[in-house]
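Asks: Residue strings, one per chain:
Number of protein chains: 2
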Amino acid sequence: MTSSPTCADNAPWSPPSAAFTRFFDPEQLGQAITVAHETLATHLAKDDVEGIRLELPGALLAEARALMTEAEPEGFDAERFTAILDLYLRTGIKVNSRGYMGRQFSSVAPVSAVFDMVSAMAPQPASFYEAGQLANVADKIIAEEFGRRLGWPSNSFEMVSTSGASLANMTAVLTARNRHFARSWKSGVAIGPRGRPAIAIGEDSHFSVSRVAGILGLGEDQVVRLPLNVQRQISVPAAATALNSAVERGLDVFCIVATAGTTSIGANDPLEALAQLARDRGLWLHVDAAHNGAFLLSDRLRERVRGIELANSFCLDAHKTLFAPAACTLLFYRDRGLAATAFPQTASYVLDPYEDEISRFESGTKNFECTKRPSILNLWLTWALFGRGFFETKLEHLVDLTRAAHDDLMSLPDFVVAHEPESNILCFTYRPSDAPRDLDGFQLELRNRIRAGNRYFISKVDLDGATVLRIVLMNHRIGRSDISGLVEEIRRHGREIIEDWSAHEVAA
Amino acid sequence: MTSSPTCADNAPWSPPSAAFTRFFDPEQLGQAITVAHETLATHLAKDDVEGIRLELPGALLAEARALMTEAEPEGFDAERFTAILDLYLRTGIKVNSRGYMGRQFSSVAPVSAVFDMVSAMAPQPASFYEAGQLANVADKIIAEEFGRRLGWPSNSFEMVSTSGASLANMTAVLTARNRHFARSWKSGVAIGPRGRPAIAIGEDSHFSVSRVAGILGLGEDQVVRLPLNVQRQISVPAAATALNSAVERGLDVFCIVATAGTTSIGANDPLEALAQLARDRGLWLHVDAAHNGAFLLSDRLRERVRGIELANSFCLDAHKTLFAPAACTLLFYRDRGLAATAFPQTASYVLDPYEDEISRFESGTKNFECTKRPSILNLWLTWALFGRGFFETKLEHLVDLTRAAHDDLMSLPDFVVAHEPESNILCFTYRPSDAPRDLDGFQLELRNRIRAGNRYFISKVDLDGATVLRIVLMNHRIGRSDISGLVEEIRRHGREIIEDWSAHEVAA
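In order, the protein sequences belong to chains A and B.
Going left to right, the first sequence walks through residues 89 to 596 as this note's numbering numbers them.
Going left to right, the second sequence walks through residues 89 to 596 as this note's numbering numbers them.
Chain A on its own, in the form it takes in the complex (with noise of 0.2 Å):
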């Protein structure tokens, strides 16, 4: 074999100038690092009420742009980054402070904040064993501990970690729809002999779930509604009456999506008796369990999810009540191997020739998303670190406090408590006895001014119609003096609501 050439012969070639490659220096992490440390460290020492501070947007805009750079920078400007961090967090919703009790965002585990530092810094996308090498494995062993407590026997389930519940319903639902019409993925959607396909779900499902006919194409007009019993949870009668009905209309419907813990109010769809409907005539069961699915790892609130080890699959957000950085889902399917009926389809350089006991841990031909973060070690960490407890303890704190908050409202006259909580989330209205006639209009003018007021953050729903104020308690910094504080920070904006809109009346 005669000597090789090399690749010196070639034209000279210079690498990039020191002023670029400073932007890289473990230096400048390290004054980074020291910002967003202080910067966070003030953020949580604080210990006042304040839920959001709501800014108009062209004014933000101004801000915004007069904190970018004109010139070639020469280093890092720390003052230019600690200026961009308090602007982040000032016009932010305050997740930390008691006074955030307005949706189902999380307070995280400050272990878990600092890992996605990690994980941005050294990427592992981790749809692929090879290149997320850890959080396949975490994948298996997150797993195995839902498994143990599901009554699953090992190797008979699988789980796919995802990024949002919306796209877990979406993957849950064409999954059922690939196994119930074999031909829809590569034929495309279509009436069959038994008429156009069609899913079934609750009146209170996710706006997601609704979604999910109009993107696989079944068509919204294809979504059966089932009606809710007064605990606003799917009735077992009503939903049989209404898949009889759809039969009638023509309709073939394939999966029930039913809800453990509604975004209106918190509420567990009876799931075995919906397991049952669902066997019984053939439909798979999905379960958005996005918010109540954390319910599992707790041995006093399994019992309000019971049920959900009888569905096909059902999908959990660890980012909502298992206190991880967003965004962290689990998609559970009861039966092995249906995961990979996904996305039926391959591609060479996605499915390389592998070892057998490497295939079986790759993700990548059962998740939507080809670069996938690896936030399953998000929860994993927290989980390796503190232990199961710590999820049980800040979840039943949470509902326990939410109980509380229920018991206090109700023992006020001038609130009006809308349902027995089933989780971390209460909707109420204000009903003084000189309450306006236009209760609606009065609970979202509340809801709104008690918004400006900056100090608490709550949100409004819909309930058959009528406006309800909610409260969402995320945060175990909430304690009961903070429902108190709310209950007189509503009064005080009422009777201000009350005095100006009389004031109008009498003007008009």
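Please note that the accuracy of each hint is not assured.
Any copy will do: because identical chains look the same in the list, a pair fits if it lies in one copy or spans two.
Unchecked claim - Heads up, simulated SDA-like pairs for lysine to any residue below, C-alpha to C-alpha not over 25 Å straight-line:
{"hint": "1", "residue 1": "Lys548", "residue 2": "Phe503"}
{"hint": "2", "residue 1": "Lys274", "residue 2": "Arg424"}
{"hint": "3", "residue 1": "Lys134", "residue 2": "Gln119"}
{"hint": "4", "residue 1": "Lys228", "residue 2": "Glu167"}
{"hint": "5", "residue 1": "Lys274", "residue 2": "Asp135"}
{"hint": "6", "residue 1": "Lys274", "residue 2": "Asp340"}
{"hint": "7", "residue 1": "Lys228", "residue 2": "Arg153"}
{"hint": "8", "residue 1": "Lys134", "residue 2": "Thr122"}
{"hint": "9", "residue 1": "Lys274", "residue 2": "Ser333"}
{"hint": "10", "residue 1": "Lys228", "residue 2": "Arg476"}
{"hint": "11", "residue 1": "Lys274", "residue 2": "Asp309"}
{"hint": "12", "residue 1": "Lys228", "residue 2": "Arg422"}
{"hint": "13", "residue 1": "Lys228", "residue 2": "Pro145"}
{"hint": "14", "residue 1": "Lys274", "residue 2": "Glu336"}
{"hint": "15", "residue 1": "Lys548", "residue 2": "Asp528"}
{"hint": "16", "residue 1": "Lys274", "residue 2": "Arg313"}
{"hint": "17", "residue 1": "Lys228", "residue 2": "Ser572"}
{"hint": "18", "residue 1": "Lys548", "residue 2": "Ala129"}
{"hint": "19", "residue 1": "Lys228", "residue 2": "Lys274"}
{"hint": "20", "residue 1": "Lys228", "residue 2": "Arg178"}
{"hint": "21", "residue 1": "Lys228", "residue 2": "Ala150"}
Simulated from the structure, these hints should not be mistaken for laboratory data.
Since the structure of chain A is already known, use the hints to place chain B on it.
Replies: Chain B in isolation, oriented as in the chain A frame:
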């Protein structure tokens, strides 16, 4: 008005224990940050050549399990956290090393990685202006910066930031489907007067693009594959013929998906000509510019994606060639007002009756995601601190380096280069005069042995049925000497394979 009762009259309730709340202490955050900083600084300061260290899942599973706490922890266990981070970094792809040339995974700007910690600790779901004000404002700033370079008049177009190009491609094709088949969202996909709804994509489209037809109910059989020219770009004359033949087969093609930066070789389709073709036939043109859309930010490279401004929509991944953490994808619509037709649906707790000024900044109804990370800020932040030149410098450097690698390999008699590089991807084969007859098997074995050798990580793809080696240069630390280093590594393994295989033949 009588004095109102307060909550204090109710049963006692206890706050969570001090042991629990310690997990959320700013102090613990500080300890975790210190560990992460030290670990990352060591990781970045390393200058060794290491591509990947592939371990078998069984052994890794045992190692991960052993790192999980058994007891109720007393406090923050810095030692355990360090061990977990070390395991993560040891088993992951080494995108920050000069040895990693495997795939389109970025070595990110450190400052944007640090921001991920902040956005994890203080989450701001950016689908709603209310929850993520700065992110929604940053969307507008980034959109305008790109709009200027596209020559699009201000306020005539829209940009939606989303989580990955798979999602962006699906969203764009869905928008096109909804526009061309106005009833498909509500009634479902159906055969129309002009045939079955279909899309046309290049032969080298990313696998997520052909998936879209399966997901959206069109069916994979309704994907028209557009043939490529010798540069592996869509051939416009052949595309016209393929579209005509699709009509004859009863397909109603409504959308062409072109690519700027194919996964296999980084090729850019002829976008101007394809835009003309699409316009002539009344089709939507979407460009999957996940990889090369970033060229818009370079005055020198912009020319390579000329015509992208004529597309109805295109997307680009800032987490690829703009060096942001995943997932940060920008989806552009040339015509304002279309973004909101992707998911034409409402829900009371999403669409509050906001003021008009705020509504213009809402992205909730334009996004698939409900909980969307404010990832646009990772991009905006880098831009604000370092200016556009940062992206331009790194991109141009990587493209120049790839051209140099091309020239180097061209000058070597034992390497066959597969194409002129149009971006930072280069494919080639190793073919010494005594190469085994099974050339495909030889390349695959080379890739496997190189990977197992840990120093370099390269990938392989199939081009027209032939296996070729592929490098993707994403890290500016990689220099020309690393190309020489890889050449030597390939030659060394090549010689060993030839010896091993001929010994085996003799034995057989």
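Asks: Going through the earlier hints one by one, which of them does the structure break, listed in rising order?
Replies: 5, 17, 18 and 19
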